[in-house]
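*Asks:* With these hints in hand, go ahead and build the complete structure from the sequences.
Listed below are the residues making up each chain.
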Amino acid sequence: MSAKAKAWFIAASIAAFISIAAVSFVAGNYGIESGKIVSYLTGRGALNENERYIIFEVRLPRIVMASLTGAVLAAGGVSMQAIFRNPLVSPFVIGLSSGAALGAAVGIVYLNASAAAIESLSFLFGIVAVFASYLLSGFGRETTLLLLFGLVATSFSHSVIGLMQYFADPEHQLPALTFWMLGGFDGITLSSLKYSVPVILVCMGVLYAYSYKMNLLTLGDAEARSLGVNVAAAKFAIIFFSTLMVCSCVSKAGVIGWIGLTVPHISRIILGPDNRFVFVSSSILGAAFLLASDDLARTLTPGEIPVGIITSAFGAPVFAAILLKYRKSGWN
Amino acid sequence: MKARIQIENLSFKYPSRPGRSRSYIFRGLSAAFEAGSSVALLGPNGAGKSTLLNLIAGHLKPAEGRALICGADISETPSDEAAKLISVVPQEHHPAFNFTAREMILMGRSPHNGFFGIANESDHEIVGEVSRKTDLEGLLDNEYTKLSGGERKRVLLARAMAQRTPVMLFDEPEAHLDIRHQHMFFKSISGLARDEKKLCVYSVHNPSLALRYSTVIVLMDACGENIIIGPTAEVMTCRNLETAYGIRFAMTREGASGPLLYVDA
Chain G
620 MSAKAKAWFI AASIAAFISI AAVSFVAGNY GIESGKIVSY LTGRGALNEN ERYIIFEVRL
680 PRIVMASLTG AVLAAGGVSM QAIFRNPLVS PFVIGLSSGA ALGAAVGIVY LNASAAAIES
740 LSFLFGIVAV FASYLLSGFG RETTLLLLFG LVATSFSHSV IGLMQYFADP EHQLPALTFW
800 MLGGFDGITL SSLKYSVPVI LVCMGVLYAY SYKMNLLTLG DAEARSLGVN VAAAKFAIIF
860 FSTLMVCSCV SKAGVIGWIG LTVPHISRII LGPDNRFVFV SSSILGAAFL LASDDLARTL
920 TPGEIPVGII TSAFGAPVFA AILLKYRKSG WN
Chain Z
37 MKARIQIENL SFKYPSRPGR SRSYIFRGLS AAFEAGSSVA LLGPNGAGKS TLLNLIAGHL
97 KPAEGRALIC GADISETPSD EAAKLISVVP QEHHPAFNFT AREMILMGRS PHNGFFGIAN
157 ESDHEIVGEV SRKTDLEGLL DNEYTKLSGG ERKRVLLARA MAQRTPVMLF DEPEAHLDIR
217 HQHMFFKSIS GLARDEKKLC VYSVHNPSLA LRYSTVIVLM DACGENIIIG PTAEVMTCRN
277 LETAYGIRFA MTREGASGPL LYVDA
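If you're matching them up, the sequences are chains G and Z in order. The first sequence maps to residues 620 to 951 in my numbering. The second sequence maps to residues 37 to 301 in my numbering.
Hints in this document: simulated from the structure, not taken from any laboratory. Don't take each hint at face value.
Distance condition first, Cα-Cα at most 30 Å in a straight line; then the derived BS3-like pairs of lysine-lysine [unchecked claim]: (1) G/K623 to Z/K182; (2) Z/K182 to G/K944; (3) G/K625 to G/K947; (4) Z/K223 to Z/K120; (5) G/K947 to Z/K223.
Cβ pair distances, simulated, as ranges [said to hold, decoys possible]: (6) G/F775 to Z/A99: 37 to 45 Å; (7) G/F855 to Z/A99: 21 to 29 Å; (8) G/L764 to Z/N156: 39 to 47 Å.
Backbone N, C-alpha and C fix where the C-beta goes; we use that ideal spot for every residue, glycine too.
*Replies:* Pasting the structure below:
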């Protein structure tokens with residue numbers, strides 16, 4: 620695919636994302652006609668107080684956070700897959716999601732903490748789990764060792780979470796814990812995005828700047844070094860910033876699976892392996908996918924389905940289809 | 037820049053290796069190699085060929101002494117500067133992602149391009165030029181992972197040539213190649229040294245290839261203690277080879293292109 624065709628594909632993805640975002644303002648159990656929103660925005664009509672509240676205080680923050688989280692999970696997958704030279708890796712497999720879940724569980728079950736405190740705990744535990752795996756594996760020198768320590772962190776966190784679920788109060792704590800483990804954007808407010816949005820944007824910017832170095836790192840450490848990459852610094856920066864941004868999202872929205880794995884894969888099938896394109900396209904497609912999933916999560920039933928269930932319901936079969944394609948053609 | 041490698045009083049300490057008695061290798065090794073030479077690192081398995089290559093590349097840090105590449109201590113040189121002095125042709129491999137041959141060769145330009153690796157007109161011209169020299173013109177848009185072993189090796193050679201460094205290192209260039217491709221590959225290496233005044237250094241298992249194509253030999257024995265360095269004709273004697281490898285050799289002077297080496301055990 621030529622650079623021009625790649626740019627067109629990315630432009631088309633942006634158009635698709637914008638359409639989904641437009642639909643997201645209208646979709647919902649509280650019906651507001653699209654014509655009313657358009658005339659309000661163009662200054663030719665008015666919305667009542669309820670309608671303004673729904674659109675700007677409920678739907679807008681959800682749309683922002685679901686889009687950003689989708690972009691972050693997909694871009695985090697792209698980054699980790701590059702430095703671990705493995706298309707099957709995502710930030711979750713080196714212990715991030717389970718660490719973050721453990722932090723949230725501690726907050727919910729033992730501390731009866733506020734939403735903000737639960738968020739901070741899961742953020743901290745997620746970062747600690749990743750860096751514990753990173754340090755134990757000798758600063759990530761051995762990729763296999765890093766993945767295995769990630770597995771250790773995951774397994775340990777899950778046993779502790781299991782124990783807490785067993786003892787949790789089934790009236791309040793257990794449902795809160797379950798909803799968190801399945802992910803969702805219920806209750807996101809504009810003021811709660813004040814800190815995470817700038818953090819996420821900075822992380823995405825730094826990682827995108829590293830997207831060409833990611834190409835070189837996929838060849839292995841020694842080769843990347845002989846092509847001029849400061850391997851230790853690049854690896855640390857990529858792990859640090861992708862962990863930071865994924866943790867910011869997971870601590871707000873819970874564990875949302877499959878995006879970090881499927882979206883980069885689809886981008887690579889269409890655009891080839893150059894991360895300068897794959898990073899951008901995955902971010903946009905990830906945002907569109909999670910935003911559409913969240914629309915379904917809040918409209919399919921009168922209540923709210925955890926969005927992680929929807930992303931898994933779509934992501935798992937899509938990934939199976941990708942694997943079947945590989946079964947025919949081989950991994951390369 | 038004129039190519040030159042100076043090895044000064046070099047020693048290397050292995051991290052603890054179970055089952056190996058020695059932890060130091062190359063106690064106080066000194067040597068100098070000049071532009072236009074084609075240098076073979078020769079010796080039995082475990083003699084330290086790869087270790088010496090990695091010390092010259094700056095991938096390993098010496099315990100004592102230093103390796104100077106064009107005057108710069110390579111273990112103190114930042115990797116982006118080092119990549120303008122030394123290029124490395126690794127053994128063939130299977131990357132996890134399917135870059136095209138063109139993208140792989142363009143990566144050789146990355147030390148000269150910015151952080152974001154934007155290639156300009158002259159980078160594309162260089163890719164065209166090195167792919168002509170390595171006979172890859174028709175394959176540039178094929179996926180690297182789908183090429184044959186010989187073609188992949190030529191892509192890695194082309195990438196190192198695109199890097200335009202005075203010193204070029206090769207890790208066992210004959211590995212995974214059939215005998216015809218082995219000779220073609222060594223011809224390319226000799227050509228780079230002779231015609232473009234590069235300094236080429238490679239580890240090699242087959243002494244016949246070293247005898248035929250190298251101008252300088254570094255012959256190590258199994259424990260890396262006795263290292264003989266000198267012009268090919270002086271070092272490549274049956275006696276020296278027997279001491280290094282522990283088997284008998286014979287040499288005839290009858291070959292069309294110089295002496296022929298046999299194992300006579």
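*Asks:* Among all the numbered hints in the text so far, which are the ones the structure does not match?
*Replies:* 5
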